[in-house]
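A.B. asks: For reference, the chains in residue letters:
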Amino acid sequence: MDAIGPRLMLLAPEILLFGAAVVAAVLGLSRRHAVRAFLPIFTCLALIASLALMPITWTEARANEAQLVLPMLGAFIKPLLAGVGILLVLVSAGSVDRGFEAAVARGRTTFDPQRVVAGEFHAFFLFSVIGAMLLCSATDLIWIFLAVELVSLPTYIMVAVGGASRRSGEAAIKYFFLGALSTAVFLYGFAMIYGSTGSLELDNIRTALAAQAAGSGIDGVALAGLILAVLGFCFKITAVPMHFYAPDVYEGAPTHVTAFLAFVPKVAGFVVLVVLLACVGWTGHSLVDGDGVRVPYAGLPTPLTAVLWMVAVLTMTLGNVGALLQSSVKRMLAYSSIAHSGYLVIGLLSGGAAGIEAICFYLLAYGIMTTAAFAALVALERRGEEINEINDLAGLRQKQPVMAWMLAISGASLVGLPPFLGFFGKVYLFVAAFEADQFALVVIAVLNSAVSALYYLRLATVPLVAPPSARSEEVELVPTRWPWIAAVVCGIGTVILPGFLNPLVRAAEVTTKPVADVTAAAPSADPSPAPLSSNASERP
Amino acid sequence: MNAFLAPVSSAIASVSTALEGMGQAFSAASEAQIALSLAISALLFVIGLVGFMVRRNMIIMFLCTELMFQGAALAMITVARMHMDVSGQVFVIFILTVAAAEAALALGLVVLLHRRRETLSAEVWSDLGEA
Amino acid sequence: MSSANFPIPQAVVAPEMAWVGLALLLPLVSAVLCTICAAARLRGKWPAVFTVLALAASFVVVLRAYNAYSGPVQVPIFEWMSFAWGDGRFQQFTAPCALYIDSLTLFWMLFVTGLGTLIALYASEYMETEKGAGYARFFFGISIFLFAMSSLVMGDNLVMLYLGWEGVGLASYLLIGFDYQRPSAVAAAKKAFIMNRIGDLGLALGIFMLWANYGTLQYSQLFQAMNAGGQTAVDWDVSLIPFLLMLGAFGKSAQFPLFTWLPDAMEGPTPVSALIHAATMVTAGVYLIARLYPFFALHPDALATVAWIGGGTALLAATIGMAQYDIKRVFAYSTISQLGYMFLGLGVGTTYGACYHTLTHAFFKALLFLTAGAIMHGFAGQLDLRKLSGLRHIPGWRLVSWTMFIGCLWLAAFPYTAAFFSKDAILLQALTSARWDFVFLGWLGLFTAALTAYYTFRVWFRVCCGPVHFEPAADAHHGDAPHGAHDAHGPHGHENAHASKAGHAAEHAFHPHAPKWAISTVLAVLAIGTVAAGFPAYNEAFAHGTNWAQKMIAGSSAAAGAQIVEHASHAAETADIHAAHATVLGMEAHTGLLVVGATASLGGILIAAYLHLFSRASADALRRVLMGNWFTRWLPICMERKWFVDEIYHGLFRLPLWIGSQVLHFGDKHFLDGVLVDGIARIPIAAGKLFRPLYGGALQGYAVSMVAGVALVLAWMTWVWLRGFE
Amino acid sequence: MSLIWTSILMPIIGAALVAVSSSKLSRSIALLATLGSLAALTLFAFEFPAWNNGQYHPLEAGPAWLDAAGIRLSVGFDTVSLLLALLTAFLMPLCILGSYTAVTERVKEYYGWFLLLGASILLAFAARDAILFYVGYEFTLVPMTILIAVYGGTERRVASIKMFLYTFLGSMFMLAAIIYVAWENRVSTGAWTFDIDTLTATAIRLPASAQYWLFASLMVGFAVKVPLFPLHTWLPLAHDQAPTAGSVILASAMLKLGTYGNYRFALPMAPAGGTELMVVVAVLSIIAIIYASLICWVQTDAKKLIAYSSVAHLGLCMLGLFALNPVGAEGAVFYMVNHGLSTGALFLCIGMFYERYHTKDTDVLGGLAKKMPVWASFMVLFTFASIGLPGLNGFIGEFLCLGGTFIAEHDGQSGYPGVLGPRFAVVAGLGLIFAAMYLLILLGKIVWGPLREPHHDAGHAHACLPTDLNAREILVLTPLAVACIWLGVQPQPMLKAIEPCATRMLAQYPDEVQRLKEREAQMASEALDATNLAQVPQQGGAR
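Residue numbers (this note's numbering), protein chains in the order written: chain A, 1 to 540; chain B, 541 to 671; chain C, 672 to 1397; chain D, 1398 to 1940.
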């Protein structure tokens, strides 16, 4: 525990990225256009390098030694963040500073370091990703707080400066203020948890809560703190009741930033919630013991379960019904993102290995398919402005068939049509829900999926089927090809990855690998907060 | 009647106790002191919350979020005192740091927006949203 | 329920008789050949050649089968619909393609194939104006009909019977609607098929019912099972079986209440009317009841119902026939009426009478229709008996006139004609029954016989006697008869158009063309056949030999006629019902009937002669008198308008159903789909609108919403906490 | 197994090739791919050893797809699914051949989607894994939606969206139900699997209440697809708007997924639910028969008429299934295949005149026998097959479905839950009369009668097509006609092959009935005890 070396090694990818972020900030100020144009590629390379570092530095032994709550969570989440991060970099490539760079290229203006933001943008991009990665390694609440802020603060700036969206200022101000509000909420929740358990370290918190649970039940203050913390993080995952900002911010932010917002903060939020709730005590994997006898579910405390249940139901419902009314694609995707958070909360509620794996897998699916949609949107423009109205996409198939197909595929996958990736994510979530006896939730989710089909169908059919209008005739590709490539990669991934379900799922299963030391440290008298032991080995 | 006044009187008592104990910084805090601190922290938080909701000036709104942060920080310190644990105080230092960072960010943003619309009112920024 | 043992000859399985199946196969082959002719666009008479040859060959097959016949046989051919899901009696469904040949089968097949061949030959000339696709289509229909009819008659089980049953319906549909460009023909075809379908449903239910009770559908096994006593386990009483079967029979044989399709079916070419709608198909109902006769003992009133329906329909149709002007329609109603006699015969227990009457009727009615067809053929589609007169004086039309005379005489049951004997057998059985209602029906039958004689000779006197006068069909379409001349546009579209032009330009230039060899030959042969059909009866009546027809029926499942009636009516006191001991009007039964029947027949003929030969004006005067009087006016109106049965059906069934359908159609589109389905789809949208104000766009608004959400959760939690967890 | 995969993958590969080929080549590629698929399946059928035992043929489990959830790529056929797959594979090349001139724009895409549609239907029939089934079942929606939305009539958007949403909603319930059963299996065995046989074995052990809900939610999914009475409104619209070949596949193969789902999942998995709800489903089926028939009567759109007739016909099919006895089941399965043949052929026929006159309105168009005698002959044949004329294919299924319903009560003695009976059969039988009525009215309008042609199309209507059918079109219809006649004359092999499957589907029902009886007897005795107990104090009190 005392050795700092292994723990630092666990952070090697983040450290690498941190260095890269600094370099990126500097590179952005270069007078040479080639260097500035190299920025996205540099960022990608940094992410690739960190990806390469992960298997070397992140080993099970180290993770156990570091006494993480979910030692192997990062083994899946970090590559996911880095991988999708690469795609997100591609999505934003060419969008930042576009007008200025174009002017410079045409010789209308000269380079002015005060007017470029690309360096900062990519640095902040990396910071945010680093924050999300760091969350996986969190051992105490301070770490969580700092990492969450590291995720959040750069995104506020990215919204404001990321591109030429007319409404990005408004989006930034809303995002920032409401984000600060939510931060205060979970911070106060942290204080309460601290007050009740007397420690900021997750490990100790778990022990204390277990002791409480074994005694007269979990303390009211601790529960209130937990609930406040959960609600505070609901902001990150755009869940009810903290989701209200999402449509506005997603619509107002430049599209490539929206793509970022729809993924990285959300992953961060779910990681935090998983880690936090793991401290409260899921009983472990499933309700089935070896002999096929159903054992009673002793998961989260009832009030917490109830809160999460309501959050899940309201989030998916409000997200889906909200999306029905939208004529703006971005807004629609924002609501869709809300709805998907609702589905993901089912995983939180189910808990245990099944729940966490389902969340991990669903995050992967969600990341790829939603990025496909946003990337396709970024790849298109109309009269130099980004696409917002869905009707602008009408008849897209005739001029931009590939992008039209990518939008359609992503729509089909988001709605959960087999055999696309989203379908398997949903199946996995439902399986987890059944394992937690959450039949009602499954039914509600099923109904919600059907409702969501109403608008995803539009996303899929308007580009493919609808006749082009005068407005949509003017839609063309943006000068840069990177978003196009990102869209195609994501679209193909959505179609191809279902062929590799087993490796993917095994990767997701890694997240719930057993925690040798921590298990021993847990009070043997009380099984309820027993760490998440694997059921992967039990599975056929 | 008595029951109703009990919290009030205890609060008064604890305030007086706190005043009395000003010099005894290193002695263990009493229950009442902790309750008072927590109450104040909650009060700070709620004031910040209410201010955030009712004020339109972006600077004021930001200050309100700071208030909420400090409420949380105060609670954190109190708890640290209660548990005789330093980590809470460490947390507070980080909270202050982050708050400072947020302040810098907020001011930058506010300035940026002020340049565009020549006003500090948050109300003008409501183009987005459902019609 | 029933456990009476009726004497039914046991069938033996005789796979070596499979060649009889050729009788089924040959028409099918000819149907295929006709299709090929149509596809190859052959314009010759090949389809007719194929069909006539095939039918003649199948007639020969049947003759051979008759010669080889020694007792009922079951001839398996191939498995059609058979499967088993257990070993039990009720755990299998067996409907092979197999033949059941007993004397009843042969009796029927002989005249079906024989008449089929003759009429196909006749049609080869009659239809020659259609040469080409239409010609092939016609003979395709005839071939399919013969196949289906053979399957109906020779099938070993009720599913094969059902196959034939619907198959003849198809043939009938195709042939009635032969002239498909004439809407009335199309409508008539549709009507025929649909009304038959109503009966078919009854038959199908009857079949299911038999299966549910006896576990088999093969006649041979069925009869055994019946004698062993069935078991009923559905919530319908087993005694419903006869009524269900009856419904099928009434549909196919055009009995009340399902008779209205048959007159309309006269839209078809006349050979079709002769073959299908007079001689063979419409007797399928008689065959069905005769075949399954023992099952009609399952309910005491079943056969009585048959008798009543038969007697009633006979009278009803006769009254309508009296007031029709279209020759074919008169004959159509006479067919319904004669079929009524057959059912009356079945009902009162003389299966022999019914079947023998079927035989004689097949010949004389086919003859009558073919003469009508010849007239139509020659006079450009003219069939209005007011517009044709004195045909026997026109050269070349003698044969037609006199063969028609023979047909009319037979239809009128003139004493000592074959039809007289067959009708006699039916009426005798009725009049000598111990049941008062059967006796009543017998008298009703006699009265109907008089009417029959009247309307039959009304046609003959009008058309063949009197002054020579004819108009081609050109004027027919503004004739005042309600159904005056639907055949006006006949199966001879082109010729007809030509004739109508000619009719206007120079009315007297119209020359009827007399029948050529095929039609003449067939008429002659049929006339001989008509006469010859009486031989079984003559043999019995005059030579005191055996009655062939009676022997044939007695060897089959329909044998136990009287016994079953007796059993069914539980009339122990009617043990003594033998005709020999019964009397009619105090005379010995046979003699009495001879006297009464001859009186009725002659009376009818004489009245017809007065009104339609000697003093045609008085017929009109009679009509005027009847019409001029409010008390009697209804009679001619109802008779001419066919007792408004069509209109009643329209008002009772078709119109309400149609209105209902429109309502459903509207409801489906606007309520079920529009309100319910779309409404449900709008719920989420409405929900979205409901939550819309929450996303107003103001920063503070969001803050309030968020804080309110958090506060609500906390408040709820506090409440729960105060109540104590769980 | 490899042959099965070949038959499924051939169209997919074909679709990929179509995507990269030229428009002109695409239809030949599509035709070859479907023919290849048919050939593979036919070869498989020849080798198929399980024609007479009702078992799945390749019984070994396929490669794992998703180990964690036990999803495997297991394919295999029993007789019923093989017949339905053969039907699909048989219709595919005909449909493609039939669309040669009908589709003039976005040709490549059309054939590509069409091939994917065929592949996914084949996959659904071949799947032995419930999730794999669901993948095929659900994916059909995508190509079908696009086929309707792109190549459909004037209301194609609404039609495609309605179809998609409606069936999607239904099948989500089905998916939940399947996962539920898999979960119960997981509870009892500790392993996740979606193997249909295993799931069935698990499901039948569930308590009655669970089976009730299981059955209900499976039914919701399949009933939409069938479609059963109140859930049918998407179908006429979809059919009306779909391109001809789309209609053919929709009616012939896609709707069969619903009835097949009942055969494969709902009925064998939840006998208690089936027993409990059979009357409800039967009543709905009967309503469907009468209701849809009556609507057909007043339809003037030929395609909508046939669409509603599908509702009626499949109502009869469902009634046969829910008679819950071997006769009815046998008839229902037979009817599935034959409804596919005759209705598909009718849609093709309608498509052929639609291509020439650009209208399906029977008020405007009529008497085509004069102009198109060959077409008219086919039309009449298929109409009568659809009416259920004995000797043609439709009859066998109809007769057995009705017969099964009629004697269902009787089968109570042999152990099957006999609830339906003659009364049901009579009402359903009215459908036979109505069927004759509306189909003959259709015939009377468009085939017979004086020739009526829409005027505005007189000029270009026959630009690319001859007045009557051309050789290609005859080539399309002839195999169908032969099949209709052949199956009507020689249904025996097929009936024999279906029989063990039908028995197997219903295998649980006698036991279930037995259980019910025991429960009732127990309840009765308890009630008796209770009354006795109640009476004792009363008597005591009286004394």
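The set of hints was computed from the structure by calculation and includes no laboratory data.
A portion of the hints provided could be inaccurate.
[Said to hold, decoys possible] If you want the footprint, here are the derived chain C segments under chain A, 3+ residues with CB under 8 Å:
| hint | segment |
| --- | --- |
| 1 | 968–975 |
| 2 | 1373–1383 |
[Stated by the list, open to error] Incomplete in silico selection of chain D near chain C, CB under 8 Å:
| hint | residue |
| --- | --- |
| 3 | Trp-1448 |
| 4 | Val-1680 |
| 5 | Ile-1684 |
| 6 | Val-1724 |
| 7 | Gly-1800 |
| 8 | Ile-1804 |
| 9 | Gly-1841 |
All C-beta atoms, glycine included, are put in the ideal place defined by N, C-alpha and C.
A.B. asks: Determine for every hint whether it applies to the structure shown.
C.D. replies: Verification of the supplied hints:
Chain A is given as covering the segment 968–975 of chain C, and this is violated because 0 residues of the stretch bring a CB closer than 8 Å to a CB of that chain, at least three being needed. Residues of the segment 1373–1383 of chain C with a Cβ under 8 Å from some Cβ of chain A number 9, which satisfies the need for three, so the listed coverage holds. For D:Trp-1448, the suggested interface contact is broken, since its CB lies about 13 Å from the closest CB of chain C, more than 8 Å. The restraint placing D:Val-1680 at the interface with chain C is violated, with a minimum CB-CB distance near 16 Å, outside the 8 Å limit.
The interface hint given for D:Ile-1684 is violated, since its Cβ lies 11 Å from the closest Cβ of chain C, which is over the 8 Å cut-off. A hinted interface residue such as D:Val-1724 counts as satisfied when its beta carbon comes closer than 8 Å to some beta carbon of chain C; here the least separation is about 6 Å, so the hint holds. Taking 8 Å as the C-beta contact cut-off toward chain C, the hint placing D:Gly-1800 at the interface holds, the least distance being around 5 Å. Below 8 Å, beta-carbon pairs count as interface contacts, and D:Ile-1804 has one with chain C at about 5 Å; its hint therefore holds.
With a cut of 8 Å, the hint placing D:Gly-1841 at the interface with chain C holds, because the nearest CB-to-CB distance is about 5 Å.
Hints 1, 3, 4, 5 from the list above are not met by this structure, while the remaining hints are.
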